[in-house]
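Asks: Each chain, written out:
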Amino acid sequence: MITHEPEYFDPPLNLFAAVGRRVLLACRNTGRALIMIAEAFMHIRSVFSRRSRHEALYQLFFTGIKSLGVITVVAMFTGMILALQTGLELRRFGQEVNIGTAVTVTMLREMGPFMTALIVAASVGSAIAAQLGTMVVSEEIAALELMSVNPVRFLVMPRLVGLMVMMPILTVYTNIIGIVGGAVVGYTQLGVSLQAYFDNATRFAENKDLYVGLFKAFVFGVIIATVACHQGFATTGGALGVGRATRRTVVVSFLTILVIGYMITRLFYA
Amino acid sequence: MIRFQRVTKHLGGKLVLDKVSFEIEKGETFIIVGVSGAGKSVTLKHMVRLLTPEEGRVMVGDDVVSEARGADLERIRSRFGVLFQSAALLQWLKVGDNVGLPLHQRTDLSPDEIDRRVREVLEMVRLEDVFEKYPADLSGGMQKRVGLARAIIMNPEIILYDEPTSGLDPVTSRTIDHLIDRLRRELGVTSVVVTHDLHSALAIGTRIAMLDGGKIVEIASPREFVKSRNPVVQSFLESQYITRKGAWEAA
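In order, the protein sequences belong to chains A and B. Using our numbering, the first residue of the first sequence is number 1, and each one after it goes up by one. Using our numbering, the first residue of the second sequence is number 1, and each one after it goes up by one.
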């Protein structure tokens, strides 16, 4: 069951009890979130069924379109800043021609998936939490359960698919825009020709950089779906609770993305 | 058909249901009344296990709903239709899709067959022309009727109504009352209605139960209910200008 009974706790006896309770609740909520997303994975095989495909297609569209404008601007400036910072340092050694490599490898390995994930968590993740939270407080989730419509299959699975599929695609887009942004700065401010920039970019970047970046994007998509859907379903306390769930979604997603991003980097490069 | 056996429940540290016991017969319209916070909606939620009792048990036929899980719970719940206080319609789906959702998700009927069935139930609640509209385009009363159409589309044996007339004008409230009564007569369903509205309760109920302080203080037919000597019932009747020789009897 997704709907849980309202909880009431007596005030904690002391500081240790308060901390202990928080830790235990965090563990329990993590467990609930993981069980929910595992169940959503099990329903993925029905994504093309008549019951689910419409919602899944809408989520693909929603996830892809919702953040495209912001991603374009952020990716462009990320590439431009990277090119400018590294280019200015490299120029001291007469090596500014290598900014193509620096920008491309950094975008593929880290900045592409990371920036995309932050933007998607803030725009799409928060929207998912707000929508599901509103559904909880207006008893729509309870209504679904009473109609024997599984909220995980009906609501979580299409959102999970939307984020899992669109995150790598958006990351490729971020990478392209970021690399182009770097080329623009290299050409206009550092005097690096476009030919030299792209030659360097393609010579030193490896396929592994691209694949690891896309794998990260996929994992970040799962993280955003898990956190947003769980926070949405855990909403209590009316409109205030919806606001709280939205804020927590962004904060928890950011922190989890940072930690898991580091672990994946260590796994593949350390 | 539905039996509460010494059901006890605390919420937020407060005793809401205190060893509540009663039985609802098949085919009757059982009304639960009481002041705000008396535990009416909590009682209703126990019937479909949205809440679980701390003590006692809730039975639907031979099934113990308060202990059911998984497929068993799903099977028991499929016997119910529920009209929520807020109607609980999915705001991003059109009325037709909202009403047809249980059929779409739980049966293999063709889209044409689902449309036909949806139009049938919308006609029953006198809302033939809202099929293509979104819930936000409808008034509160219309949303409740759409919620009712969705509750009956799977032909449930029991329909639960949580404050079906709250927030509605008297004319729309009476329309909802007539619908509830018609569904009982035409479909033979058992109805459980939680309401503040004693005029509704007296008009459509076969029995009325009054909850106060977590206990059932009176269960009686409408005629006996207005004659109750229980001071809590008396006070509740008077608060709605219904006295032994008052509005209801005069009507």
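Bear in mind the hints are in silico, worked out from the structure with no lab data behind them. Among these hints, one or two may not hold up.
[Claimed, not checked] Stretches of chain A that chain B covers, calculated by requiring three or more beta carbons in the stretch to come under 8 Å of a beta carbon on chain B:
1) 5-12
2) 129-140
3) 148-156
The structure displayed is predicted, hence computed values, not measured ones. Glycine residues also receive a C-beta, built at the ideal position from the N, C-alpha and C atoms.
Asks: Are at least 3 residues of the stretch 5-12 of chain A within less than 8 Å of chain B when you compare beta carbons?
Replies: n = 4 at 8 Å, threshold three: holds.
Asks: Given that the stretch 148-156 of chain A was listed as covered by chain B, double-check it with a C-beta distance under 8 Å for 3 or more residues.
Replies: That given contact holds, which follows from 3 residues of the stretch 148-156 of chain A lying within Cβ reach (below 8 Å) of chain B.
Asks: Establish whether the coverage given for the stretch 129-140 of chain A by chain B is satisfied; the threshold is a Cβ-Cβ distance below 8 Å, and no fewer than three residues must meet it.
Replies: With 4 residues close enough to chain B, the hint holds.
Of the numbered hints stated above, none is contradicted by the structure.
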